[in-house]
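**Q** Letter by letter, the chains look like this.
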Amino acid sequence: MENNTVITINNLVKRFPVGGEFFTALKDIDLTLNKGEFTGLVGPSGSGKTTLLNIIGGLDSPSEGQVSVLGQALNDTSHGERALLRREHMGFIFQSYNLLPVYTVFENVELPLILNKVGLKEREERVAQAMEWVGLSNKTDSRPAMLSGGECQRTAIARAIVHQPALVLADEPTANLDAENSHHIMKIMLQLNHELSTSFIFATHDEKIMAYLKRIIHLDDGQITEDEKIENPKASA
Amino acid sequence: MLFKIALKNLLGARLRTFLNVLVTAFSFFLILFMSAMYNGMLEHAKQVTMDTEIAGGAYWHPEYDPLDPMTFEDAHSALPRDVQLLVDQKKAFPVLVSQASIYPGGRIMPAIMKGIPPGQNIVNMPTDALSGHDDIAIPVLIGKGMASDTKLNVGDAFTIRWLDTDRTYDADEGTVVHIMDTENFKLDMSHIWIPLKKAQTMLAMEGEATYVTYEKGLPPVQDKGDWIPRDINYLVQDMEAIIAADKPGAQVMYMILLALAAMGIFNAQVLSIFRRGREIGTLMAIGMTRPRVVGLFTLEGGLNAVLAAVATLIFFGPVLWYFGVYGIPLPIDYTEMGMIVAKRLIPVYTIGLVVSTTILVSIIVLIVSYLPSRRIARMKPTDALRGKAVA
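Keeping their order, the protein sequence lines are chains H and G. The first sequence maps to residues 1 to 237 in my numbering. The second sequence maps to residues 1001 to 1391 in my numbering.
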């Protein structure tokens, strides 16, 4: 990783085949994100937020352009190398939580550590710490079906940060939550951003989230229309 | 790591896992049980044949072919020296075989007349019933099947006609002295047993025999002349062939049972991959590689087989044990159908049977788990996260 740069994107274009044609989801994206940024990709539905997030996460590949994440050029990496990058240095938070229903909260949070082959004792300590960060220490044995939406999303956050990744990608993390839970979730993530220096990137069109962001990248029709840096976010003050 | 996750997934899916495991365990049980029944039939038939007919093996006159009665006429001679020695030491007994015609109730019936020493105790036949009948011209021992066919009872007399060594027909009156209840139809159907000395006198073949049966555990003799040694394996092969004729039917049944178990697991795996698309996407997003996800789903299927084996042991083990100890009473008497089948059949579970059945079921379960899981390798993580499965 060079300097503090976490993500570097140059001339990114993403096209999807639709029928016999190609639909261009992202056009000429140039972007640099630094360590510890709390950034939002903001725009209406279909503006390319999730596609950009997926490409940054190595879940999708660009049609053109260069994408470098945590010092690794994703264009030159295999599926396996991208999986390793995600496993060790990234966390994902999804709109619909994507918790594994047959696992308890503890087991869901533990999963990235198991994949990273962390020993049992250390796993228990780190899961307990992550549960404490998100305020779910009393729910470790519950299954996702027994939790509220806010609790599920907090579990998902714990899972995303339990291995202390450099980068957390969150796709509409508050879309299924009420206002109170949305604020709670954002406060937790902001706190983790401060304490762990973890970079967060949100794909969102939720006004409540925007109040916490330190940088807002506006997307429209697959292009960056505005890159706004906010010195003193309203909600974090 | 994969094992732990697979086990968690499997146990967490409770009802789905329970039903899959139950279907597999039931198929496992039936395959094991039917194979053991087949083994039991084979073992029983062999045992009965050895106990009542073969003992340790036999020496045959070179002309003797038990399946060709026309050879009986010439299949007799004095015993080779060492074979005679065995007989003298009571380690073997001779049998003289001849064609005969009997006339029970005025009807003519072809029969195989065998002379056997009444005092032999090498095979389990009630031949001692033939001794001590000086007042009877020809004491005759027959089986229940023969008695039923001829409508003869103990004490009934009937005419026996035979061809002696001088090719002269002769006849005399035989009297049934005993009716034996034997599972070995080969001693029963169309057979009449008379004392050896009497047979030798009737046929003018003094000191001669057609074959000699010896007791178990004897080494081959040196001087057997041109007589042919027949060991147990040779002598039971016709019995094995009769039972083996039943094997294709049993194998079709195994295939159906295995197919049932395989379809259940295949169906569950396909459904899993379609229904658990989002889970697959999540696993990929948090860093699990595609081959590992494929491995995870295959392992889940494989663990089904292991759980099925455990479930078989727990749920069906007592049933298998009960039948293994007490057997299963059969409603019909197979003796008349030309088969040696016990009236109470006891399944025989060998280690080989259990291991081979377990391996077979496990391999099939692994294959049907792996085949649908391969689709995951073609799945895009972004599609999987949207819950979109591959076609």
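Hints in this document: simulated from the structure, not taken from any laboratory. All figures in this text were calculated on a predicted structure; none of them were measured in a lab. Check before you lean on any hint, since a few could be wrong.
Claimed, not checked - Label-pair ranges, simulated between beta-carbon atoms:
id, chain 1, residue 1, chain 2, residue 2, range
1, G, 1374, H, 194, 42 to 48 Å
2, H, 122, G, 1319, 43 to 49 Å
3, H, 145, G, 1343, 55 to 61 Å
4, G, 1374, H, 63, 25 to 31 Å
Virtual Cβ for every residue (Gly too), placed ideally from N, Cα, C.
**Q** Work down the list of hints and note, for each, if the structure agrees.
**A** Tested hints:
1. G/1374 with H/194: 42 to 48 Å: holds, 45 Å
2. H/122 with G/1319: 43 to 49 Å: holds, 47 Å
3. H/145 with G/1343: 55 to 61 Å: Holds - the Cβ-Cβ distance for residue 145 of chain H and residue 1343 of chain G, about 57 Å, lies within 55 to 61 Å.
4. G/1374 with H/63: 25 to 31 Å: Between residue 1374 of chain G and residue 63 of chain H, where Cβ atoms are some 27 Å apart, the hint holds.
Going through the hint list in order, the structure satisfies each hint without exception.
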